[in-house]
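Q: Using the sequences and the hints, build the whole thing.
If you read the protein sequences in the order shown, they are chains A and B.
Residue 1 is where the first sequence starts when you use our numbering, and the numbers rise one by one after that.
Residue 1 is where the second sequence starts when you use our numbering, and the numbers rise one by one after that.
Any given hint could turn out to be false.
You can't tell identical chains apart in this list, so a pair holds if it fits in one copy or across any two.
Straight line, CA to CA, 16 Å or less: simulated EDC-like cross-link-like pairs of lysine to aspartate or glutamate [said to hold, decoys possible]: (1) K2 <-> E308; (2) K272 <-> E148; (3) K90 <-> E44; (4) K75 <-> D224; (5) K2 <-> E26; (6) K90 <-> E15.
Derived by calculation from the structure, the hints in this document are not laboratory data.
These figures come from a predicted structure and were not determined experimentally.
2 protein chains.
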Amino acid sequence: MKYYPVHTGYPSYAEVNLAIEAAFAEHGRGGVQMPSKVYVTLIENGDFRTMPAYLPTLDIAGVKIVNVHPNNRAKGLPTVMALTIILDVKTGIPTAIINATELTALRTGAGGAIAAKYLMPRKPVTLGLVGAGRQAGAQVEATATALEIDEIRVWSRAQKSAEAFASRYSGYNARSVSIERACDCDVLITTTPSVRPIVMADWIHEGTHINAIGADAPGKQELDPAILDIAEVFVDDPGQAIHSGEINVPVSTGRYDPAQVAGTLGEVVIGKKGRSSPDAVTIFDSTGLAIQDLAIAALVLQNGEGYELPFP
Amino acid sequence: MKYYPVHTGYPSYAEVNLAIEAAFAEHGRGGVQMPSKVYVTLIENGDFRTMPAYLPTLDIAGVKIVNVHPNNRAKGLPTVMALTIILDVKTGIPTAIINATELTALRTGAGGAIAAKYLMPRKPVTLGLVGAGRQAGAQVEATATALEIDEIRVWSRAQKSAEAFASRYSGYNARSVSIERACDCDVLITTTPSVRPIVMADWIHEGTHINAIGADAPGKQELDPAILDIAEVFVDDPGQAIHSGEINVPVSTGRYDPAQVAGTLGEVVIGKKGRSSPDAVTIFDSTGLAIQDLAIAALVLQNGEGYELPFP
Numbered sequence: 001m002k003y004y005p006v007h008t009g010y011p012s013y014a015e016v017n018l019a020i021e022a023a024f025a026e027h028g029r030g031g032v033q034m035p036s037k038v039y040v041t042l043i044e045n046g047d048f049r050t051m052p053a054y055l056p057t058l059d060i061a062g063v064k065i066v067n068v069h070p071n072n073r074a075k076g077l078p079t080v081m082a083l084t085i086i087l088d089v090k091t092g093i094p095t096a097i098i099n100a101t102e103l104t105a106l107r108t109g110a111g112g113a114i115a116a117k118y119l120m121p122r123k124p125v126t127l128g129l130v131g132a133g134r135q136a137g138a139q140v141e142a143t144a145t146a147l148e149i150d151e152i153r154v155w156s157r158a159q160k161s162a163e164a165f166a167s168r169y170s171g172y173n174a175r176s177v178s179i180e181r182a183c184d185c186d187v188l189i190t191t192t193p194s195v196r197p198i199v200m201a202d203w204i205h206e207g208t209h210i211n212a213i214g215a216d217a218p219g220k221q222e223l224d225p226a227i228l229d230i231a232e233v234f235v236d237d238p239g240q241a242i243h244s245g246e247i248n249v250p251v252s253t254g255r256y257d258p259a260q261v262a263g264t265l266g267e268v269v270i271g272k273k274g275r276s277s278p279d280a281v282t283i284f285d286s287t288g289l290a291i292q293d294l295a296i297a298a299l300v301l302q303n304g305e306g307y308e309l310p311f312p
Numbered sequence: 001m002k003y004y005p006v007h008t009g010y011p012s013y014a015e016v017n018l019a020i021e022a023a024f025a026e027h028g029r030g031g032v033q034m035p036s037k038v039y040v041t042l043i044e045n046g047d048f049r050t051m052p053a054y055l056p057t058l059d060i061a062g063v064k065i066v067n068v069h070p071n072n073r074a075k076g077l078p079t080v081m082a083l084t085i086i087l088d089v090k091t092g093i094p095t096a097i098i099n100a101t102e103l104t105a106l107r108t109g110a111g112g113a114i115a116a117k118y119l120m121p122r123k124p125v126t127l128g129l130v131g132a133g134r135q136a137g138a139q140v141e142a143t144a145t146a147l148e149i150d151e152i153r154v155w156s157r158a159q160k161s162a163e164a165f166a167s168r169y170s171g172y173n174a175r176s177v178s179i180e181r182a183c184d185c186d187v188l189i190t191t192t193p194s195v196r197p198i199v200m201a202d203w204i205h206e207g208t209h210i211n212a213i214g215a216d217a218p219g220k221q222e223l224d225p226a227i228l229d230i231a232e233v234f235v236d237d238p239g240q241a242i243h244s245g246e247i248n249v250p251v252s253t254g255r256y257d258p259a260q261v262a263g264t265l266g267e268v269v270i271g272k273k274g275r276s277s278p279d280a281v282t283i284f285d286s287t288g289l290a291i292q293d294l295a296i297a298a299l300v301l302q303n304g305e306g307y308e309l310p311f312p
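A: Rendered as C-alpha cells:
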C-alpha cells in the first residue's frame, strides 16, 4: 500500500479530460458500479461525503472521502479536502491512498469541459462565470483544453476576486462584469455555494449551455427554477442530482419533476442523448461522480510517486 | 495526518468491550450519525463495504472501508482487510488512517460479548460455537472478559479446525462436538459464511441466547427461520439487518416480518428493551456498525504509534 501526497506533478487537462470523458461514456453504457454518495453532517456547518465505486474498464475500485467546511478558510485550511482509497479488485487489499484535494478540483473542471464540448454547438465560445474561486479556474482551464475560448466574462460577489480572476486569465480576454452581463454568453459556469437562485431566467438567452457546478448538497441552488422549465437538463447521476444537485431544491418543493430530466452526461457522450436544437438552453447539473475520482486516481497511479506503507 | 499500521499493541478486551458498550448505548439514545453501510461487488466473488459515521460523544468521525474476498486464503491474504479513515469533526481534515483488519475482528467480538452480557441471565455460561475461525476466537475472548465461561462446545465443518480451536481454548474446557451438541448451550455463537440454515430449531432449547454473527451480506443465513418465529430478535441496526443480517433472507422471501424485531442492542444496553423471560430464546443479529469501528479507532489513537504523512 502506498500513500501519494500529490503535491506536484498533476496530470494535464489533456489527460484528465480524456480520462473523465471515458468514465462518463462507461457510465452512459451502464458499465460501472456507483452507489449514490453518502453524506454525514459534522459540526461548524461542515459535512463529509463518502463516494465508493468500481470502474471495471480501468480495473479500479475505491472510495473518495471528501469534506466541505465553509469556515475552514478562516482557519488557514482548504474548504474541501479529500482522500481516495484504492482497492485491488481481485483481492480487496488497499493498494493506494491518494491526496485527492486538488484532483477533486481537476476532475470537476474536466466534467464541465466535457459537458460544454458535447452540449455547446458554437465554437469558439464566450464563457460567462458566476463565481471566481478555485473551481471557476479549473472550469476555465479544462474548457480551454476542450474548446476554443475567445472571451471570458466573470462576476463574483466580491468584485476584487472577479478582477483578480480576470487578470489571471487575461490571455482569454477575461473581464470583470455585472452578473447579468456574465450570463450573456455561450457557456455559463456557476460555481458559487449559493442557497438561493442568483442567475435569473431573463438573463439567459437561447442557445446558451449552463454548467451548474455549485449545488452539491441538499438546499443549495444557483439558478432561477424558471430556467429549468425552459431548459434541457442533463445530470451526471439522477440519484445524486435529485438529492443534492441544482435540481434538488425545486424537486423537493415539487416545482420540478425529475421525470423532466433529459438524460445523463454519460448518455450524451455516447450519443444516446443530446440538445434538441441549436436554440435550446441546456444545463449540465454536476454533483461529482465517484467514477471521476477513480479515473483521475488511475492517472496518478500511472505516474505519481508514493510512500510505501506497511499493510496488512 | 498519521498512518497507524497497528501490527502490535492492540487494546485489551477489557478496554474494547467498554468502548463498544458505550457506543451501543449512544446508538440506543439516538446520539450518532450512521448511514447504512454501502456494498460494491467486485470480481472473484469479492466485495467491499463503505461505513461512514460520526460519534459526537467521542468527537470522532470517519469511514471504515472493508473487503470480503473468500478466495483470498488461497492467495495468502486475509479474507477480510480494512482501513479506517478518521476526520477532524471541526475542519474535516483527515487526521488518521488506521489498519483496521484485526480491529474489525476485535470490535465484532466485543459486540457479541455485550449482547451476551445483557441477554443471557444465567452465569457462568456454557458457550456453543458453530464455526471455529478467527471470529469465533474473538467472540470467546471478548465474552470471557464480560462473563464467566465454564465450558465451550465447538463445531466446525472441518473437524480439525474444531479440534485445534478446542485445544487453543482448553482453559475454558473447550471440546470439539457435533453441531447438535454445540447448540445445547447457554450462549450459541454462529460465525460461518453459510448461505443456508445450518442450525436447526429442534436443537435450540429454552433460554438460549444466540449471537448470529456470520450473516453480513445479502443471501447469507445460518439459522433455521423457525428459530426466528419463536425467538426475540435484537439487531445492531435495523436497516443493515434487513439488508444483510441473519434476517435478510427470511425478510426478502416474506418469511419474516421486520416488524417482529424486538429492538436494537443499543436499546438493550440502555435498559429500554430486553429479554421478556428467562425461558425466551434471544438472538443478537450482528452486521457490524461503523460506530464500533470509530470507538475502537479512538482507543488506537490514544495509545498507538503512527507514521506522519504529508497532508494537505
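Q: Are the hints correct? Go through all of them and say.
A: Hints versus structure:
1. K2 <-> E308: both (4 Å within a copy, 14 Å between copies)
2. K272 <-> E148: neither (25 Å within a copy, 66 Å between copies)
3. K90 <-> E44: Answer is between: at 6 Å across copies they meet the 16 Å cutoff, but 40 Å inside does not.
4. K75 <-> D224: For K75 and D224, neither the intra-copy (33 Å) nor the inter-copy (57 Å) Cα distance is at most 16 Å.
5. K2 <-> E26: Intra 27 Å, inter 35 Å, cutoff 16 Å: neither.
6. K90 <-> E15: Answer is neither; intra-copy 27 Å and inter-copy 35 Å both fail.
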